[in-house]
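Number of protein chains: 2
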Amino acid sequence: MWRIGIVMLLCAGFGLAQDSGDFKPASSNALDAQYPRVDSNSRAQIRFKAPDATKVRVNFWSGEKADMEKQSDGFWTFTTKPMAPGLHYYTVIVDGAEVSDPGSTAYFGGSKWASAVEVPEAGVDYYLPKEVPHGQVREIWYHSSVTGMWRHALVYLPPDYDTAETRYPVLYLQHGGGEDESGWIRQGKANLILDNLIASGSTKPMIIVMANGYASRVGYVVPDLTGKPFGSPEFIKVMQERMGAFEDDMTQALIPFIDKTFRTIPDREHRAMAGLSMGGMQTFQVTFDHLELFSYIGGFSGAANVFLTGNGKMDTKTAFHGAMADPAVFAKRVHLLWIGVGNNEPERMKTGLENLNASLDEGKIQHVFYESAGTDHEWQTWRRDLKDFAPRLFQVPSQPALSAR
Amino acid sequence: MWRIGIVMLLCAGFGLAQDSGDFKPASSNALDAQYPRVDSNSRAQIRFKAPDATKVRVNFWSGEKADMEKQSDGFWTFTTKPMAPGLHYYTVIVDGAEVSDPGSTAYFGGSKWASAVEVPEAGVDYYLPKEVPHGQVREIWYHSSVTGMWRHALVYLPPDYDTAETRYPVLYLQHGGGEDESGWIRQGKANLILDNLIASGSTKPMIIVMANGYASRVGYVVPDLTGKPFGSPEFIKVMQERMGAFEDDMTQALIPFIDKTFRTIPDREHRAMAGLSMGGMQTFQVTFDHLELFSYIGGFSGAANVFLTGNGKMDTKTAFHGAMADPAVFAKRVHLLWIGVGNNEPERMKTGLENLNASLDEGKIQHVFYESAGTDHEWQTWRRDLKDFAPRLFQVPSQPALSAR
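Taken in sequence, the protein lines are chains A and B.
The working numbering applies: residue 1 is where the first sequence begins, and numbers increase by one.
The working numbering applies: residue 1 is where the second sequence begins, and numbers increase by one.
Treat the hints with caution; some may be incorrect.
Remember, identical chains collapse to one label, so a pair may be satisfied in a single copy or spanning two.
Said to hold, decoys possible - Distance condition first, Cα-Cα at most 30 Å in a straight line; then the derived DSS-like pairs of lysine-lysine:
id	residue 1	residue 2
1	LYS55	LYS313
2	LYS81	LYS313
3	LYS260	LYS204
4	LYS70	LYS49
5	LYS332	LYS260
6	LYS228	LYS24
7	LYS237	LYS24
8	LYS387	LYS24
9	LYS49	LYS228
10	LYS70	LYS55
11	LYS130	LYS387
12	LYS237	LYS350
13	LYS49	LYS65
Treat the hints as calculated values from the structure; they're not laboratory data.
Nothing here was measured: the structure is a model prediction, and the numbers come from that model.
Work out the full structure, taking the sequences as your base and the hints as a guide.
Okay, structure coming up:
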């Protein structure tokens, strides 16, 4: 690839030289890509080459789905309405083929490598690289006797890990459904958020472990679910099997490996778990099944409905093996129960979390309910969640207020 | 994404349950993707959904470029001829739109996130994960006063780095043009290759630093090259500026950062540099300009032509500031000069490297020339290069033989 190489040597940084007007290449673009572009009104311009296509649509997963306009040069273009700040997943549909946009960095979401455009939030820089000490992100491979596989995970270590002799508390932080263990770094900027929070002194230095949320026990074969609808007993059974495999992999393989490999404080008082969406659902199951391992719990836009009864509420007396039956005992045992939602998320998700919050209030269960203003079931919500959640970790004896809503 | 999440929980691992016949999903596929598939004859089956497209082509960069066949279900399919082992980049062209295949993991190559299919090499496992101690790959961010930017790099640390108190030699390993610093891990499997070489005792434990090969000095603006052909004086001038920026960033910002951050042995006797294609070209320039910093040099399918004179040869008496003018002195100074090429690479590249090798032989310059049988300007060549190159590093006083061809 040396000729491409020479051209790359020429082009790197070229973008900056070519900007014009208020639209600028998005920070989420692939190297030197001029499109997508974003303007100061939070509008995005998409440009996609498909000279022989008869129809090209842009598909923002949480936003506009629209036909793109063919230009005489074989490119198709589209300009969005002003969008909420943050990272917006999208794909392009070319004559029926749903594909990613070569102009975008590839982000793993929706179970494939998708495109996204980063819309800056005015005056906000808590997830941007700053002149502060930077932690490192390590890739690790651990062998799991539960799944019988080598599994890949990412581990954030605080800036002083290599110089300080101290041991650190650990946050296990899970991605959403259709994403993978790279999500919290690539999309979420969790490492930069922690670098900045730690530098400001508001957050305890901690290790963050990001595991892959899909697991299958050795030899397990998924039964044929043809004709078995979403939510059917057969469907639920398989889902529970997979959830159980993940729970066992995490508690029997991952956590022991992490405590053996890194300078952790290996007790429940210094171990937290949180996750977004599917990861929130997993967090509730794993932590409430293993309160001997965890004392801080966070559900970011978590799949709450799973835990609500027919009347759309949670019975805090009986839920989770009765762990919350006595609010006082629970408050001593679990130092932080934190749930969050973006107030522009789809009604079903929002209602589920609001009902969960109401149930916890009624049950007098000490917790924090956080609402992210103007954001959807997207990464800006979860970046804000982490920014509010992380400083509350490992602060015992200080206790969070009852429903900070 | 929680509904997707549930479905993912169901589907993870589903692939294994669905295999049939000799074609199996490629190891390079995105999570659970059933296609591309590879059979034991090293043929690949590509399957791509584009119900409304009139023409879909598959484009293997170093192989077949062909029309795909439309099936009644809206999918287009193509089966390749038997291919050489290794990772083959490809894209799909849908009615003129060149895109990646959602079934493939996204690999950064050709200056975009492209698709690739991994064709196993029978009986070969030196780049596969094995039951051996695994090193870690760290992501680092260093500030460069040369470029004025925070720059991202990957660092491989040997398995015993966190337990042994010892210091390690360092190999700086560069990607090819159109690729980025992730290439040697994602495509090249450099971490697994080193894990296996170190476990076998054939290779000294070492740190490997993989930097981004594109750099631009603070404030530098690429001049408008419209109408200036590839290779024109203006073109060369810009290329040299970019090469110089990379050289300064590496020697003035990256190397000091690495020696400050990791337990390195910070001298020329314990510092090597190698790179593939464009990275090979950069390796020759950086190392020969800075023999005070390096004593081991590797060019993997490097862009040799750049260093040859009009007659297609290199004058070893004058080349690189006369560093090789006295072969005996050079042999004492540079412990390893290693060049490699795949014997199925394009003629121009192959000839350039063969001429370079011939020139070094004629000049009695101690070096190693390695040919990878049956492989192209692709990653299998470079994986083999690393497997031959790494064990020769940091072995002084043992010396490589004169042209091991």
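A quick look at each hint next to the structure:
Taking the closest pair of Cα atoms, LYS55 and LYS313 never come within 30 Å of each other, the shortest separation being 46 Å inside a single copy and 53 Å across copies. For the identical chains of this complex, LYS81 and LYS313 are neighbours neither inside a copy (37 Å) nor across copies (59 Å), given an alpha-carbon limit of 30 Å. In this assembly of identical chains, the alpha carbons of LYS260 and LYS204 lie at most 30 Å apart whether taken from the same copy (21 Å) or from different copies (25 Å). Taking identical chains as interchangeable, the C-alpha atoms of LYS70 and LYS49 lie at most 30 Å apart whether they share a chain (9 Å) or sit on different chains (22 Å).
In this assembly of identical chains, LYS332 and LYS260 lie within 30 Å of each other by CA distance solely inside one copy; the values are 28 Å within and 44 Å between copies. Taking the closest pair of Cα atoms, LYS228 and LYS24 come within 30 Å of each other only across two copies (26 Å); inside a single copy the shortest separation is 48 Å, beyond that limit. Within a single copy, LYS237 and LYS24 get their C-alpha atoms only as close as 49 Å, which misses the 30 Å cut-off; across copies the closest is 28 Å, which meets it. For the homomeric pair LYS387 and LYS24, the shortest alpha-carbon distance inside one copy (27 Å) is at most 30 Å, but the shortest distance between copies (43 Å) is not.
When the C-alpha separation of LYS49 and LYS228 is checked against a cutoff of 30 Å, the pair qualifies only between copies, where the shortest distance is 25 Å, while the shortest distance within a copy is 41 Å. In the homo-oligomer, the alpha carbons of LYS70 and LYS55 lie at most 30 Å apart both inside one protomer (9 Å) and across protomers (18 Å), since each shortest distance falls under that limit. For the homomeric pair LYS130 and LYS387, the shortest alpha-carbon distance inside one copy (16 Å) is at most 30 Å, but the shortest distance between copies (39 Å) is not. With identical chains, the CA atoms of LYS237 and LYS350 are at most 30 Å apart within one copy only, with a shortest distance of 26 Å there and 58 Å across copies.
Taking the closest pair of Cα atoms, LYS49 and LYS65 come within 30 Å of each other both inside a single copy (18 Å) and across two copies (19 Å).
Of the numbered hints listed earlier, those contradicted by the structure are 1, 2.
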